[in-house]
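Given chain A, put chain B in place with the hints provided.
Line order of the protein sequences matches chains A and B.
This note's numbering applies: residue 1 is where the first sequence begins, and numbers increase by one.
This note's numbering applies: residue 10001 is where the second sequence begins, and numbers increase by one.
Take these hints with a grain of salt, some might be off.
To be verified - Restraint-style ranges between C-beta atoms, simulated for each label pair:
1) A/Lys684 - B/Ala10122: 58 to 66 Å
2) B/Ser10088 - A/Gln149: 54 to 62 Å
3) B/Gly10177 - A/Tyr129: 27 to 35 Å
4) A/Pro197 - B/Lys10094: 53 to 61 Å
5) A/Tyr129 - B/Asp10120: 24 to 32 Å
6) B/Asn10170 - A/Arg74: 44 to 52 Å
7) B/Leu10053 - A/Glu972: 37 to 45 Å
8) A/Lys87 - B/Asn10166: 50 to 58 Å
9) B/Gly10177 - A/Glu570: 26 to 34 Å
Simulated from the structure, these hints should not be mistaken for laboratory data.
Ideal Cβ placement from N, Cα and C applies to all residues, glycine included.
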Amino acid sequence: MQSKENQTDTEMHDKVYDISDKIYKDSNEVSLESIVPEAPTKDVNYWRSFRELYSDPDFIKERENEFSKDALERPDIEEGSKFSRRKFLALLSASAAVAASGCSNFRDRGEIVPYNAKPDSVTIGLPNYYASTCTGCSSACGILIKTLQGRPIKVDGNPDHPVSKGKICAIAQASVMSLYDPERLKNPVERTDKTSPKEISWGDADDAIIAQLKNAASSGKEIAVVAGKIISPSQKKLLEDFVKAFPTAKVYSYELYNDSAKNAAWEKCYGSKYYPPVQLDKAMIILSLEADFLGSDGNKVVNSRLFAANRDTETEGKFNRLYSVEGNASVTGLNADYRLILKTDLLEEFVLSLLNELLLVQKKSALAQDEAVLSKIRNFNLDNFASKNNLKKEVLDHLISDFGQNAGKSFVIAGNMLPESTHIAVNLLNEVIGGNELYSFKDAFIEHQPMSSKADIENLVSDMNSGKAGIVIHFDTNPVYNMPGDSGYAEALKKVPLVITMSEGINETCESGNYVLPVNTMFESWGDYRTRSDFYSLQQPVISPLYNTRQKEEILLTWIKGSKNEFNNEIYHSYIIDNWKAGVFTNVSGDKEFMKQWYAALNDGVVMTNAGTAQSSGEAEPAFKADAFTGINQRMTAGTGMTVVLSKSNTLDDGRFANNGWLQELPNPITKIVWDNYAAISPKTAKSLNIESNDLVKITTNGGTLELPVFVQPGMADDMTVIDLGYGRSACGIVGKDVGFNSVKLISKNSSLTPFLYSDAKMEKSSGTHKLVTTQDHYAFEEKLYKDIQYRREIIQEGTYLQYKKNPDFLSDRHTKYTEEEKEKLKVGSINEQYVHTGTKWGMVIDLNKCTGCNECIAACNVENNIPVVGKEQMGKHRSMHWMRIDRYYSGTPEVPKASFQPMLCQHCDFAPCENVCPVAATTHTPDGINAMAYNRCVGTRYCSNNCPYKVRRFNYFNFRDHFREGIQQEESFSLMQNPEVTVRSRGVMEKCTFCLQRIMLERQHAIEENRQVKGSNVKTACQEACNTNAIYFGDQNDETDPISGLNKSKLAYYVLEEIKVKPNITYLAKLRNVYETEETGSH
Amino acid sequence: MKNFLLDYNIKVRLPILLFVVLAVFVITYYVSYAERIGVGYMPAQPIAYSHKLHAGDLKIDCRYCHSDVEKSRHANIPSAKVCMNCHSIARKDKPEIIKLTDYYTRGVPIEWKRVHRVPDFAYFNHSVHVNKGIDCSNCHGNVAEMEVVEQVKDFTMRACLDCHKNPEANIKNIIPGKQNLQINNGPVNCGYCHR
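Looking at chain A on its own, in the form it has when it is part of the complex (with noise of 0.2 Å):
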């Protein structure tokens, strides 16, 4: 085919190779300026970190080669190996005698083993999907597990659930390490004097344990049960009957994260129970105080899911404006269109000044009439908040004119670390601004018991300690972790003369426990859950039990039958089956009926029911009391020290996944930090303490005192810290075991504000150092290619709305900054052969503007593709062998920045540098164009990854499952969860993102099977599965009908490094901020 386009080539081959010549011959400055632009003017410079930033000379030596230095080091072989030298040479000895003795027998090629009675459901080879429910916390996300013959090995969202639709958050993805986790207890300890621990067999267990409990009954010993948060029906009447068995026993429920503060804002300010769910894709303006409502502040799933649909460049009014005004360099924050910083503890007085603004000086509102509430914000004035506080007035004026308009479109947020009186004043903001409309009562949440209150808890503790507490049971939880440092519980633990403790793994409520018992994880165990008025989310067994553990419901409800005897696996599904005989399914007449329709209800995971039962029946809006604002005595103001913020951990979330190498492995979002957490602060408040990075502070709250690193972070408040909890377990498995440092220390049962929050904390140089591993500039160029690389090579490609909507060619019109020669240069074709790809050619669209950076598609990327954990030391030599990585580039100044994320993965190209390489021809294209890796043809010459443009490739330094702690990830349980689609790679080789070969392969066998072609939307990659906001498209870009092939032609599409002509398969579409000025710049 000889077209017009490629005699323009050939041309334009002649001009590469004129270029080269150019470079070739004054060979010792290679000068870039030849090709490229000077570099800009205007302030728009891009940066991953401080030591970008700022040229650190060790830097830009360090990236002068393209692997770190670290990353060469060759390995010592004594530290290396998990065997000595005298074991390794044993083994040696004892499998050459064994080879030698196997020789004999060479073409044996084992057995293949079928089922004995194969279930019809199971076709070899095929997965099957079961509906159920997350547990990982207390959202309970409705999710499918995908099972191939019999063992759970991805878990993915069920899109029936109403609530999650499809989605789940990286903890749930996770979970499945959790499930083999080699490291779970395996049987029921007894520790007689509370040390040495004794296996002992289930019936001995029960047997004693039931004893106890009649003894306590009737001894009038109180027999405590310390729960989480309740989220099910069956287990709250549990609970209730386990009380009615044992009369003097009382149920606690305790969790470390909680929004008690808003819940009892709300009963002041409406009277019912609950902070309603929020339709937030109604919401065109959004006020987010301190609220990381993209990130850990509630429900992520759904929060992402309703924001980003109205995030769609294309529709009219379907772009919603984020405003933030927070300490905190935060998810939501660093993705607001406007960012306000402002310290956590102003928040308050910043609210009231808003108000003051609306109802005093624009008179909005009934309630600007309401004399009782204008009194109260008499004294406020925005004005001189906001010139006192350094905030930008154009921006709160955009703000007030925002609300204005949107009225019944606009809500305000507030972060659960906020105390109650800001979260009433925040309630009486959305009455202003008409945010009241989007409250969704229909679908209300639903409370199956109360959370224990400060001073239960604190009952709690002394009835431990006075003795007069006999039997203190913890049902899966871990309050000697969780519960503040000051509340004295572990101490008054020891007091209590039977300890019984329920938990997966090891914890360190465990360690000071008569009884420990293991529990069956979410795939071993059945459960209805009933978060929301209007379904129930059903929890059934995936894979029985991997050890003899059992489900902490079961081990109850055999206590309450009183004999051991009474267990059987079916105990606690009949138990929930007569529960919704009674209560649920009351109007199917028989048990064939009945169970007809339970089954049916397992196949779909929820049971929708009519709105308006019980709870919500009858609950018109309620209508706001103003007397609850006007009631507070008591405001939150500026402390005069630092202000502490501890936040909830994106991955760990209150610890209990701190035995999960991946999530330990999965970066923070913003700071990218791994294994570790950190006290964040603003670069003002590290020059004033004189500490950088990886310096440890001394942090004293009136909970207690804790020595961690800080962590420089740009944009934060000054002289404030944010520090996740989390981490820190000191009884835990090898993985998380002392990983990072224990914040709950910090935690006061007396906080005046909400036990996140500290207003009077202090902060002082400590000595040492700790090193954190950061991996936010790795994969970095050499300086002199580096320079002003974003500008010139435009990897990220912004403007405005407004500008989109101006010009919807603004993005191809800024190519005129070129001169016409540089456009020439430009222009240069491929030294490639063109390769016309006839039938299906994959292709992959990211838009940016649904991109939150929030890391869930690596998570997905890693349980998919058997990614290795490689643990802290590793990574901190660039070893990653994340296959995604969402790059963070921050602009504009280290005070006030701007971030841009952009997912990273393989792009696929037409003309990959990687394959012309590679000395052995290892990596290769598919006719789909897909550049596929041969893990067996590879020698590890790491040429590919040395020429690839986006340093998207992976190489494994080490095997990295015998590599990591131990060996660990080699033990026979964690074969187990490997996908048997995807090649388990080993020392030597290179990897890299596949697009999910595995599943183009299974739609191709589909597609054979019903003699069809291949249908590109009907494959999805395992990232864009996972995207909470569906910000990944995956399919045919030669098919018309795939959405792809339009999304690529849009107006904002771009390629990265577009020039280097190696014609990538992956589309970014450039990212609008929805501001009011018309041209990006560098900062608001």
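Just chain B now, with coordinates in the frame of chain A:
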């Protein structure tokens, strides 16, 4: 004298020796090729199941037992329950059937010896081949004639590619009823089999 002996050794004996060594190597290489790649491998099975009887004489379709072969990458080995579909009645008194019944009633799976094997790093897919009409016998030989199953064909990558590049010459048998499906050249890129 000494000189002559050295000359003789270098000029005559050494070449002969080298020739013999080389010849032995080459002959062994070719003679043992079939054995090395597994052709002729015929392991004894835990139950003396006869494909000749079932597939040959009784003309039971391969897909009656290997039922997933059209749906999945794997051609499954039937579970004991499938055998019992007939043998709970038929030939209950024969010693091999007694063995089978014993496995079944105890609930123990039968550990069949594996005959054909493609390495782990090659993702061979039965269903795409069978659904294109390529008969089992093209790779597995005429199993219907085998009392004990043995490997008769080459299972190396070369054999795969020979057929992928030139299916007309290599595919001898088409599954009845699927003759009108067009068999194109198979993919020869790395990624479809190695991933």
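Hint check:
| no. | hint | in the structure |
| --- | --- | --- |
| 1 | A/Lys684 - B/Ala10122: 58 to 66 Å | 59 Å, holds |
| 2 | B/Ser10088 - A/Gln149: 54 to 62 Å | 25 Å, violated |
| 3 | B/Gly10177 - A/Tyr129: 27 to 35 Å | 32 Å, holds |
| 4 | A/Pro197 - B/Lys10094: 53 to 61 Å | 55 Å, holds |
| 5 | A/Tyr129 - B/Asp10120: 24 to 32 Å | 25 Å, holds |
| 6 | B/Asn10170 - A/Arg74: 44 to 52 Å | 49 Å, holds |
| 7 | B/Leu10053 - A/Glu972: 37 to 45 Å | 40 Å, holds |
| 8 | A/Lys87 - B/Asn10166: 50 to 58 Å | 52 Å, holds |
| 9 | B/Gly10177 - A/Glu570: 26 to 34 Å | 46 Å, violated |
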